[in-house]
Amino acid sequence: MNDLLLEMCKLEKWYQKHQVLDIDTFSLIRGDNVALLGENGSGKSTLLRVIAGISNLTKGEFVKHEPMRSMRLAYVPQSGGIYPNLTVDENLQLFARLYNVNTYHTSGKQDYFIKDVGLDRYLDYPVENLSGGFQRLTSIACALSIKPQGLFLDEPLTGLDIENRKKAIDTIISAQKSLDFMIMTAHSMDEVGFCNKSYTLSNGQFQ
Amino acid sequence: MMLIMLVVPSLFVYIAGNIQKHENTITLFYEASKNSKPSTDRVKNLLAEINRLEVKKWTGSEANILSDMEKQGADILLRWDKKKWLFYIRSVSHEEQQLLTRMAYNIQGSLAADRPWQLDALFRIENKKENIVSKIHSFHPTVTKNDISLVPKIMGLIVVFVPFLFACSSFVREKESRTLEILLVSPYATWATIYFGKLLTPLFIGFVNYCLFLLFSETWYGLQIKTGFFAITGVQLLAMLSAALLGLAVSSLVKTQLQAYFVSAIFLICSILLTGFIYPVDRAINLVQISSYAFPLTFSMEPLSTWLLQGTSPENHIDAIYTLALQSLCYVLLAWYGLMRVKRTI
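Protein chains in written order, with this note's numbering: chain A, 4 to 210; chain B, 1135 to 1480.
Derived from the structure by calculation, the hints contain no laboratory data.
In silico DSS-like cross-links for lysine-lysine, where the CA-CA straight-line distance does not exceed 27 Å: (1) A/LYS13 x B/LYS1477; (2) B/LYS1477 x A/LYS62; (3) A/LYS20 x B/LYS1309.
With the sequences and hints as input, model every part of the structure.
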């Protein structure tokens, strides 16, 4: 029972008169690495936001069990998710303060996949001066820097070139070892080969 | 942060410590006639707005006014000159110069409503060698250029505008850069704490502004901190709260920072045009009068101006303060609606 983290039933989400989610059941257990697949506008990001607790349900039952309530969760949105006028280093410090983790300062700034994703050269650069790809990597690095137990990734590989995509995938795979669960959205199965569960959404419903 | 935590309370304590520094009761002798312009009643009303004045009837001679003033213990004499058909304001000491100037401006304002009468104020300044220097200041619509009555008005405008600007751009910035989601997933932040934080920061910045303005207005313009400082600070904080809540509501409803800055510019222009900052609202058309109720400055400027210039206690503007409180309440509801809308659409 302790492995059950989340249960959802008869889930509906409406934006004004437009229904974006209609899902019968969804559950999450410890060790799950879930991939949410689908076309643009299929409801992947909305479902991810609902599970992360950012977005409210219009209808349905949503039960977050005790283990998940006390977990340290991190979320990487489809774009942004970092403060553009701050440097990479300042963003990392801000995340550390936000989650009240002080490991960033004691580890000499090298521990959080910064080097793995090639961001160590840009620590003192304002994020807005970095390329779109490096901004994306910064967002992922910030999320991983707080050593999360649960990770939500909304199309984390979008906008990355082949080399950076490989770096990002390697980073996520190495982070997976310390995660209790991970949910990730993507457009195709190729991007989520390291996940152990996958759901395909179409018009807000599981196929 | 530690520096701010130290500097701001020190600033506040310094300002609070200056209250009543220059405030002793002033004895004013008054003489008018049936033909006085403005009328005796009007002048009495103008004087009633000024704190710490003890008004007595003048019984001295016309020939030797200044020595009679000293004999009768008069600090200020306000006297209607029948021949020249104008009011003279005379003071024995330059200590009361600021009050005297404001009084002269008040009466002059009333005079100017009829026609551009000149009003002379005579200051008798004593220096260390006991030589007496008399100095006449003329107050005339055409010659009065250095009018400091704008100082509290501008102060009131900025004190209200800054919290609005900060609140207006803060929440939408989080929405636009998608950091709102990051905050919501983090363990210590909830909708309530984020919203409260976005309200508290503009209020704090506004308050620091207010303290600095008071300090500068005393240092540069000689507008001393007067009795009723805590009451007027309360009124200004209420105005800042109202402005910050309106800013937060706008921030929740707009989609981009650019829109937020555009609304801030409109807010600034409307605050200047529709609140009595330049044009008196009570003489404007109904639409302007009704619109003025939307802006905190309409109700916060007059108490601040009269307090800083004449020492008028904020209790004299109790209706404006109640309206300001009601306005804040309305903006609480508007901000709450904005929050609900963001929660629905995110």
